[in-house]
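There are 4 protein chains.
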Amino acid sequence: MNLITPAKRIQAAALVRSGRSVSLCREFPKNAAPNNPNPAQHFMRMLERGSSGGGAIDYYGISYHGQASTHLDSLCHVWNEDGMWNGRSPAAEIGFDGTRWGAITNWSTGIITRGVLLDVPRFRGEPFVTQERPIHGWELEDIARSQGVTIEAGDALVVYGGRDAWDRVNPIWGSGPSRPGLHASCLPFIRDNDASLLVWDMMDHAPNGYDLPWSVHGVIFACGVGLVDNALLEPLAVAYAEEGRYEFMLMVLPLVVVGGTGSPLNPIALF
Amino acid sequence: MNLITPAKRIQAAALVRSGRSVSLCREFPKNAAPNNPNPAQHFMRMLERGSSGGGAIDYYGISYHGQASTHLDSLCHVWNEDGMWNGRSPAAEIGFDGTRWGAITNWSTGIITRGVLLDVPRFRGEPFVTQERPIHGWELEDIARSQGVTIEAGDALVVYGGRDAWDRVNPIWGSGPSRPGLHASCLPFIRDNDASLLVWDMMDHAPNGYDLPWSVHGVIFACGVGLVDNALLEPLAVAYAEEGRYEFMLMVLPLVVVGGTGSPLNPIALF
Amino acid sequence: MNLITPAKRIQAAALVRSGRSVSLCREFPKNAAPNNPNPAQHFMRMLERGSSGGGAIDYYGISYHGQASTHLDSLCHVWNEDGMWNGRSPAAEIGFDGTRWGAITNWSTGIITRGVLLDVPRFRGEPFVTQERPIHGWELEDIARSQGVTIEAGDALVVYGGRDAWDRVNPIWGSGPSRPGLHASCLPFIRDNDASLLVWDMMDHAPNGYDLPWSVHGVIFACGVGLVDNALLEPLAVAYAEEGRYEFMLMVLPLVVVGGTGSPLNPIALF
Amino acid sequence: MNLITPAKRIQAAALVRSGRSVSLCREFPKNAAPNNPNPAQHFMRMLERGSSGGGAIDYYGISYHGQASTHLDSLCHVWNEDGMWNGRSPAAEIGFDGTRWGAITNWSTGIITRGVLLDVPRFRGEPFVTQERPIHGWELEDIARSQGVTIEAGDALVVYGGRDAWDRVNPIWGSGPSRPGLHASCLPFIRDNDASLLVWDMMDHAPNGYDLPWSVHGVIFACGVGLVDNALLEPLAVAYAEEGRYEFMLMVLPLVVVGGTGSPLNPIALF
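Residue numbers (my numbering), protein chains in the order written: chain A, 610 to 880; chain B, 610 to 880; chain C, 610 to 880; chain D, 610 to 880.
By construction, these hints were calculated from the structure, which means they are not laboratory data.
Hints may contain errors.
Note that the list lumps identical chains together, so a pair holds whenever it fits in one copy or between two copies.
[What the hints assert, rightly or not] Subject to a maximum C-alpha distance of 20 angstroms in a straight line, what follows is the list of computed EDC-like cross-link-like pairs (lysine to aspartate or glutamate):
1) 639 x 706
2) 639 x 657
3) 639 x 750
4) 639 x 851
5) 617 x 735
6) 617 x 776
7) 617 x 750
8) 639 x 761
9) 639 x 803
10) 639 x 691
11) 639 x 820
12) 617 x 761
13) 639 x 852
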């Protein structure tokens with residue numbers, strides 16, 4: 610993530626040409642669904658003010674990790690037998706009040722960088738990635754080459770798997786233990802390309818086939834890379850095709866929650 | 610808000626020169642305080658994963674309106690005897706599930722525009738605005754002139770009142786019914802300058818002196834202008850002085866909550 | 610409910626002979642399930658205290674109405690085209706802060722009365738009530754007669770349908786729109802017997818066959834009778850058989866929530 | 610607590626003579642106050658049902674420990690340097706999902722026993738206990754003697770300190786670090802009398818004068834005694850005076866929360 614220097618942000622801003630803004634955020638998931646067992650809460654209040662005025666306020670509550678809410682994972686979020694990123698111990702760092710290390714507040718000034726979309730369905734000529742055929746690292750390499758895009762240090766990789774198309778003809782993505790997505794081989798691809806961030810709609814292919822606690826999610830502790838899970842990428846796929854560009858200024862601006870393991874947020878791609 | 614066209618976003622991105630990113634977001638207000646009677650909630654869980662891995666997740670809950678949390682107000686948030694913006698009726702539009710009109714989802718593609726800081730303490734040569742001397746519209750005009758800045762249609766006005774300096778020597782801002790801030794005369798100033806957004810740390814001077822249900826907050830229903838309440842502006846004041854520029858690219862990216870009256874968020878100024 | 614006089618409470622206490630106490634409360638429903646789309650929340654905190662002591666505290670959150678949590682409905686909970694009990698208007702009485710009429714606080718001193726169990730599975734010689742054969746009012750009359758029990762004014766009727774036995778061989782009760790339970794004809798039975806409270810595990814047979822918004826739940830607005838929904842009655846069925854008595858002292862003690870529409874609670878039968 | 614046998618419950622029920630029921634429960638504390646920094650949540654929803662019917666439901670959320678809510682502490686709630694009751698280790702027993710030992714579910718069949726009120730203000734001839742003069746164990750002994758009441762094994766001791774009278778002329782009880790209440794010497798009194806439960810309105814005198822992490826709250830880990838904190842005892846004091854009896858049937862019925870450290874509840878005294 611420290612590959613995102615001021616110069617990188619300048620580069621990102623310089624990508625803005627048409628001024629088209631695209632949200633990569635799914636709706637705040639208020640309704641129970643097979644992939645949303647703990648729905649977000651939204652409660653309203655109305656207040657009277659003076660003799661004739663008033664106001665409406667509301668309460669939002671969310672367990673944003675999981676398969677429903679678009680959110681950013683911070684570096685404390687996951688670990689394997691070697692601990693968290695840099696070998697930090699979850700038992701020592703994570704308490705009832707939050708995490709002492711790797712909190713989302715490390716990224717309070719936002720993640721603003723060049724975003725590069727890799728469009729798997731278009732490359733395959735299929736509407737969405739299937740359970741039988743996970744996305745491999747070498748395929749991402751092929752896609753980048755076929756799109757004529759060079760991935761640079763500090764870029765955010767945005768891997769589109771066609772989740773919304775999947776949802777239209779399958780049980781909603783993330784409903785069960787098996788789900789189509791990125792193969793573990795994407796981890797070295799992300800590392801070797803010095804990506805700062807992975808933005809994805811389909812996430813880790815499961816089961817991952819190696820009995821790993823985490824496969825591609827492992828970029829968090831193996832590489833110090835952040836993840837934007839459950840991104841909404843279909844509108845971005847439409848936009849990039851119309852714009853004729855796979856690259857854009859990406860803005861990922863997490864809430865400043867001391868001790869937090871991540872943040873729900875609305876990532877924006879600006880063309 | 611419809612003054613923020615693609616061209617306006619292009620203009621905003623073109624302001625980026627140093628790549629310095631400044632957060633205008635206060636910490637998620639987890640602790641009770643005189644200006645925070647309903648603290649935000651942050652609860653942790655740890656999950657085991659496989660034989661040796663694991664993860665940490667958390668729950669965030671917040672009633673974000675009020676004086677503690679940095680948030681964006683949408684157009685349904687307040688009204689006077691004439692109703693909401695465009696005369697909409699709160700009784701007809703606002704229900705237990707959210708608002709049918711003026712929800713935060715109108716701004717799902719984000720508010721990305723030119724931000725202009727107006728620094729009241731510096732203009733006055735005082736550390737913060739006092740209760741006795743609210744900020745008037747004509748003073749904002751004088752400040753803009755003295756800063757040599759031209760406000761343009763669609764800009765976000767960022768009015769710095771010195772709230773954090775106030776907090777260091779006073780009971781925390783927003784503790785009681787009286788509070789220093791912007792005078793009702795700022796409303797015509799904002800309207801006449803075709804601002805799209807008001808970002809402020811001190812908000813409405815109270816009592817407002819006219820027995821209005823809302824004074825400057827009235828720009829919401831009088832002008833269709835959004836508000837970023839409780840912004841953290843001291844770091845921005847430091848940054849703009851060092852950068853030697855009062856203008857920057859501003860990103861205000863609300864969560865996509867259907868029926869929501871606003872959103873907690875992390876506004877970023879990019880120089 | 611005003612049939613529960615001090616004399617009625619004395620009668621209830623006089624039923625205590627063995628001192629056996631039976632809980633009619635299901636577990637606080639923390640886990641998502643087909644009949645529990647909005648699971649209850651349970652979050653922990655640990656606190657240090659002095660140099661060597663400490664404490665554990667927790668947060669409970671629940672939308673207790675529905676099919677998962679054992680709870681008491683107050684008189685404002687449901688209505689039909691004629692309004693609430695006594696013709697009260699829901700639009701006039703129910704607001705964002707709670708209900709002005711028919712709140713659970715009407716019953717703050719608790720509902721303590723004689724409880725009478727009517728055991729449908731035993732009467733039928735089947736483990737549980739089926740979808741095809743709802744419980745009718747005349748059947749409850751037959752059951753009372755066959756059990757040799759006289760229902761008296763102010764009694765709580767406890768209708769056991771075998772829900773837990775149902776759950777062992779069916780999709781969990783309350784998962785879908787169809788569910789076995791009490792037929793609309795139970796309403797006049799309850800009214801004519803001057804029951805004060807209905808305690809049940811299976812609730813309204815659905816679909817109710819009359820296109821009513823509420824069938825047996827209608828005792829709330831038609832008769833001013835309270836309901837204890839989702840009671841756990843299998844342990845009570847074991848206990849009453851062992852005790853040789855269908856009657857007991859019943860205690861239903863709601864939380865004192867101003868404006869509340871009901872309360873989660875732990876009803877206790879004392880033999 | 611295992612002193613509450615079936616025989617004890619029979620004894621309790623036999624105390625019922627007038628049928629007068631008294632709630633010992635404060636209102637669900639929805640409003641912020643100096644002794645209530647994390648107010649309970651109450652949110653409403655209205656549902657349409659069929660063409661003409663409807664329903665009102667609500668959400669309750671509460672961190673019930675502290676100084677505002679009437680609640681029962683379970684045995685895992687507090688500890689000192691020697692650990693929890695029976696030497697259990699908090700680090701080993703308490704996790705993010707709840708406690709493995711000493712949970713409130715141990716008392717799911719309710720605590721139903723003889724309650725004995727000890728009225729300190731009446732004994733002292735003062736409206737409430739003051740900061741300067743905590744309640745000592747020997748004073749409780751004197752009060753019992755003066756009231757002519759014999760405390761028996763398994764009884765619930767209900768110690769009335771006049772909290773509501775205090776609140777009428779002082780900052781609300783529990784606002785600051787100093788508060789009037791029971792002196793540490795009450796601990797041996799409770800132990801030596803084999804009480805099963807302590808029900809109190811004023812709780813531990815603070816500061817406790819011995820630098821103990823917990824003083825009277827220590828009956829939890831020192832004696833295995835449960836506590837009903839923040840009871841509402843003024844109505845009980847009125848009732849017992851009118852009834853001419855200090856003893857009654859007490860019902861304390863906690864929610865069945867697996868892993869929970871206690872429960873909000875409505876304790877009822879039945880005369």
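Okay, the hints, checked on the actual structure:
| no. | hint | verdict |
| --- | --- | --- |
| 1 | 639 x 706 | between (25 angstroms within a copy, 10 angstroms between copies) |
| 2 | 639 x 657 | between (27 angstroms within a copy, 18 angstroms between copies) |
| 3 | 639 x 750 | neither (37 angstroms within a copy, 44 angstroms between copies) |
| 4 | 639 x 851 | neither (32 angstroms within a copy, 44 angstroms between copies) |
| 5 | 617 x 735 | neither (34 angstroms within a copy, 37 angstroms between copies) |
| 6 | 617 x 776 | neither (35 angstroms within a copy, 36 angstroms between copies) |
| 7 | 617 x 750 | neither (22 angstroms within a copy, 36 angstroms between copies) |
| 8 | 639 x 761 | neither (37 angstroms within a copy, 39 angstroms between copies) |
| 9 | 639 x 803 | neither (36 angstroms within a copy, 35 angstroms between copies) |
| 10 | 639 x 691 | neither (36 angstroms within a copy, 32 angstroms between copies) |
| 11 | 639 x 820 | neither (33 angstroms within a copy, 29 angstroms between copies) |
| 12 | 617 x 761 | within (10 angstroms within a copy, 28 angstroms between copies) |
| 13 | 639 x 852 | neither (33 angstroms within a copy, 43 angstroms between copies) |
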